[in-house]
Amino acid sequence: MTVTNSNGNADSATATITRAVPRVKTLKELAAQEEREKRFQGGHSLCAGCSIPVMVRSVLNTIDIPVVVVNATGCLEVATTRYPTTAWNVPWLHVAFENAAAAASGVEVAFRVLKRKGRTAQELGFELPGEVRVVVFGGDGGTYDIGLQALSGALERGHRFTYICYDNEAYMNTGNQRSGATPPLAHTTTTPVGRESLGKLQQRKDLTEIAVAHHVPYVAQASISHWQDLVRKVEAALRADGPSFLNVLAPCQRGWGYEPCLTVEIARLAVETRFWPLYEVVEGEYRLNALPKKPKPVSEWLKTQKRFAHLLKPENRHLLDELQLQVDREWEKLLRRCEGRVLEV
Amino acid sequence: MSAIVVPKLEEAELLTGAQAVAHAMRQIEPDVVPVYPITPQTPIIEEFSQMVADGLCDSEIINVESEHSAMSAAVGASVAGARVMTATASQGLALMIEILYIAASMRCPIVIPIGNRALSGPINIHCDHSDAYLARDSGAVQIFAENAQEAYDYTLMAVRLAEHRKVLLPVLVNLDGFTLTHSAEVVQLLPDELVKEFVGYYRPLHPLLNVQRPTTQGPFDMPDFYYEHKRQQADATLEALGVFLEVQREYEGATGRGYRGYFEVYGLEDARFALVALGSTAGTAKAVVDELRDRGQKVGLLKPWLFRPFPHEALREALKEVEAVAVLDRALSFGSWGPLYEEVASALYPSDNRPRLHNFTYGLGGRDVTPEQIERALTLIQDPKLPRTMHYLGVRA
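Line order of the protein sequences matches chains A and F. When we follow the working numbering, the leftmost residue of the first sequence carries the number 155, and every step to the right adds one. When we follow the working numbering, the leftmost residue of the second sequence carries the number 934, and every step to the right adds one.
Source of the hints: derived by calculation from the structure; they are not laboratory data. Incorrect hints may appear among the rest.
[To be verified] For each label pair, taking beta carbons as the anchor points, the in silico distance ranges come out as:
hint : chain 1 : residue 1 : chain 2 : residue 2 : range
1    : F       : G1186     : A       : A367      : 52 to 60 Å
2    : A       : G438      : F       : P1055     : 52 to 60 Å
3    : A       : E285      : F       : Q983      : 53 to 61 Å
4    : F       : N996      : A       : E437      : 17 to 25 Å
The C-beta atom is built at its ideal place from N, Cα and C for all residues, glycine as well.
The shape of chain F in the complex, shown without the other chains (with noise of 0.2 Å):
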């Protein structure tokens, strides 16, 4: 019951996540970034832009005028044979999102850091999960990172990721806006050379710039050909869920950090009731986990790394003896229950012992998640008349 990577503190940084996730961009020096700022994922532009105006990485950032057009130049430069990244969050993923659908059906494998903020409206600039939701069904990638070493370590990893010739798709990482892009953590950056090894050269498989082999990229698909693209697509995302765990491996046989698996577990090998969390709720959930366990209850969490492609059979595998699970989402699907309840009832239904499960609502908005939050979900689960509707943690009547 441990964190994943304990940073030796004689060779940690103090920095915030959106620091780390631009130190990960130095260190990958990827070709291409067209940037826009929006709160809360500016920092990483701005750190990131510093580091190329000081010659510290050889990137072309590209000044554009909109996310619109950050995706679109992204997409352009990926298709024509670069490595690409780019960053942005809330409204700014909302107004990638017509491109990151195309990004992705033309398998392009652009990294993207997300600092996740609540859509508009009403406009608000702090941490809940409506962008990376809203994502859902793009066809990106999603990871989901804890704190500021997983996102850094994550976003080494999704260039891997995104740049496996069976995957070759857009991968976002998301890292909670302010909670994780401002906070100042220790964080322990690997070595430069030992990145650039493990993150290789950027080999196109069809670049638009072979002027010797032209190829017409993004073209008019009718009736008779659009469905076997998507079906094609579907499957390149499963692939995903193999690549995920293999690129763990070979990162933690390059660096001797060991992400193992579709998620982190904690406190669940002999726990009969279970919390399902994203982000950095899930640090104050091990909190509420070790406080309760110490109480007596036998209370564990599970914190899902990879959102999309969904890891169902693992997960089932996980659940399976617990009694009752609450999943936390931190954004509504309005009409209907949270986007990550919907994954685990998925998972769950076909196995045969289904343990109850609950959806519970909290911090949209930035709202504080405090761990008497947690704490109440965790109670309210083991009361088995608890009625099937959604809950709200932490907010006012």
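The following block holds chain A by itself, in its conformation from the complex (with noise of 0.2 Å):
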């Protein structure tokens, strides 16, 4: 088992570090893939500076085969689909807020029977494809909080399909309200810093251990900065016999308060701090995949942004100590969980 001491630096001397195994395509290839198909395009109005389109290429250009996406409510919905406009050139469908999972469920079933039935282009009006993937996109409202019953249910049910969460950690298509993502601390529209209150004064879900615990094949959390890790994984994902969950932290400027051109570092920083640790769960074996060789201190994250500046005043040096606790705390239990099998591309 790795050991860490009280600053969270895991002991490498018990620590079994494997490099990349599984080769992951190259930033040429993704370009190619984006070249080939353009699935998503741009023209969209989601802010500059956002996350989300990071991630939906990424993870689109990563596959090759036919993929079906189905989107929550949210962001990326409204973005993107203003009619008669569409970024999607791949099948694309919405139908609520809090059902995107229970969606998937039927277009990944209506798949498999038609194709089971052998279901002629003449007998159907057009020809069924091979292969096809169906890969889900939620918010963390939608995923966490409002969709969390069906998320749930599906993965019960062992559906063959990608349920990917961009985390932006509150409700910020509409303009910022808290979820149950939401840092405890941080300050959103519903839980305002006011003469009163410091944020929101509850802890944050672990949504993925939620989902790990529905024994699924492959569970992951990833970062749009760390782009090789999510191409590895969004592979692993594709690969899995039954339905597979990632859960991707994809800062949002307008909410967080910082300036666009820093998402990416921004995300970095939360792995680094070890706020939010890169790990996967392959048939419930955890692996770690960033082990940061110098952690830095969560103040080092939260200081970039706006929604956590009143942590940062002297007077409440306390609650950052009780962050940095918590991070510490969490991290060692993962650290437990992986007995020591790190994975890193």
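From the two separate chains plus the hints, produce the assembled complex.
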């Protein structure tokens, strides 16, 4: 087992570090896929500096076989499909906010049953593809909160689909209201910092662990900053013979309060401060995917964002310390689960 | 004055309404059937699940975790390009409502038998029509069945109606909870091959699974397009009026079963006083009409099969000669008249010679509907001075 000291430094003597076992697509290959199919096009109305299209492109360009996208209501949906325009050059479905996983179940089963019945182009009026992958994109509101039941049901039923949560830690499409993913003490418009309040008073839900508890073949936590890790995880998720779930940290410049050019940097800091550890759970086995050599204190990440500005005041020092303790505790818990298994790209 | 389909006893079976509907589903053999149990619909999906388990029907059942997800999976599968059915009742339909609106707007031809049951609260598992009325403005087509035979026949016809290119809408086939779902009646099923030929293959118009021609389905509509899309949907819903009759004619041609028109009329030809009632109550009402006619009263019944879209013109024509009408509503619209009454009133408004119109609430939460109650309604409306207030049948003071 990997041992950590109170600063959270992994004892590298006992850690088994494996690097890049599977070959992942190179940037050139991703760009070639982008060029070939242009699955997700520009011209949409997502904000400057938004991390979501970065993630969507990484995901779609990783996949070579036909893909059907199901999208929960949210930023990605409203900003990319304003009728009569669309940014999507792959089949794309949106039904509602809380039911993307359930709608995806229907798509997945429809494909499987039509295939099994051997429906011909003459019977159906179109040619069924030989293979297809169903990928869901939902924000943290649509996944941690209102869509959790539908997600849980779909994971439990074992549909072969990949659910990707882009976690920007609040209801950003409606202007930054707190969600189950909002970190403690963050300012949002429904947990405002005021004379009597210091932001969100509750903990954050650990959705990745909730997904793991469904005993599905593949669950991972990723970040838009670590694109090779993300690409590898998408490949692993698509290979899984059953449901797979990816929780991707996706910073929001508007809600978090930072300059749009810093999106990737801030996502990277979340990993380096171990606020957002990169790990995966393959058939129940945990592996750490980023072991920061010199972990930074969480304040390094917090201080980049206006939503945490109040925590940097001297009188709130104790809150900052408490947050650091929480991050350390969670990290140690994760290390114990990984039992020294580290796989970095 | 007879039932539309008289089952030939030697070819008939003793089936509950739920079993009859399950047989219809087996013969239709939809590709995908997302299901969630709820009384009194449960026996439909239980029977159907057993049929699938026994290899009698090649459908894929999705045992979802709620009716909300049942309807969501149904929309996903329907948009993907599959033929889809589900079934529900009461709270289940209430939970589906959000997605039923979306299914209608996305033009998903999903057929949904409903075992009508009262809505909470208080919680109650027995029949009334509050669930169906809740779906009134969803955009789904709604049919009401009087008995198990009609529930079977209309479930088959609903597939053709839903999937018609001019319509492409969800269709609810309402059958009264317990009264029909759980009561065994003589039902004559059609041969499997005949049903298969009648429903044919489903050829989706814009299937999501056509990866050669990617489609964006369920996009974001702003004020510059939303209104036009709703207008198109309104027109499509009205198209169902004509297609309903067309499907009836084709069904009669294929099966010899003559369902003709938007409603069944019983003793209405020379009636001075008429009842309008939905569902199984019409069966009781027919017995009352017979009884009162034997006593020399000119009374009749109009039983709408189609509730959405509502056949206003045909109904106006059918009721133009009567003096007074009792409209029976098996659910309330709090603060107003019953939903069926409002339709009848709206149908009759342009008429030069409007009959007196009265609204009777009855049978809420499964309260027994007796011949005495129906006779009382037919007797009360014969008094020209009967006040124009809501009348409640069978309720304690």
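Distance restraint evaluation - G1186(F), A367(A), Cβ atoms, bounds 52 to 60 Å: Cβ of G1186(F) to Cβ of A367(A): about 56 Å, so the range 52 to 60 Å holds.
Range hint 17 to 25 Å (beta carbons of N996(F) and E437(A)) holds or violated: 24 Å, holds
Outcome for the supplied range 52 to 60 Å, where the beta carbon pair is G438(A) and P1055(F): Since G438(A) and P1055(F) have Cβ atoms about 45 Å apart, the given range 52 to 60 Å is violated.
Outcome of range test on Cβ distance (E285(A), Q983(F); 53 to 61 Å): 33 Å, violated
In this structure, the earlier hints numbered 2 and 3 are contradicted, and the remaining ones agree with it.
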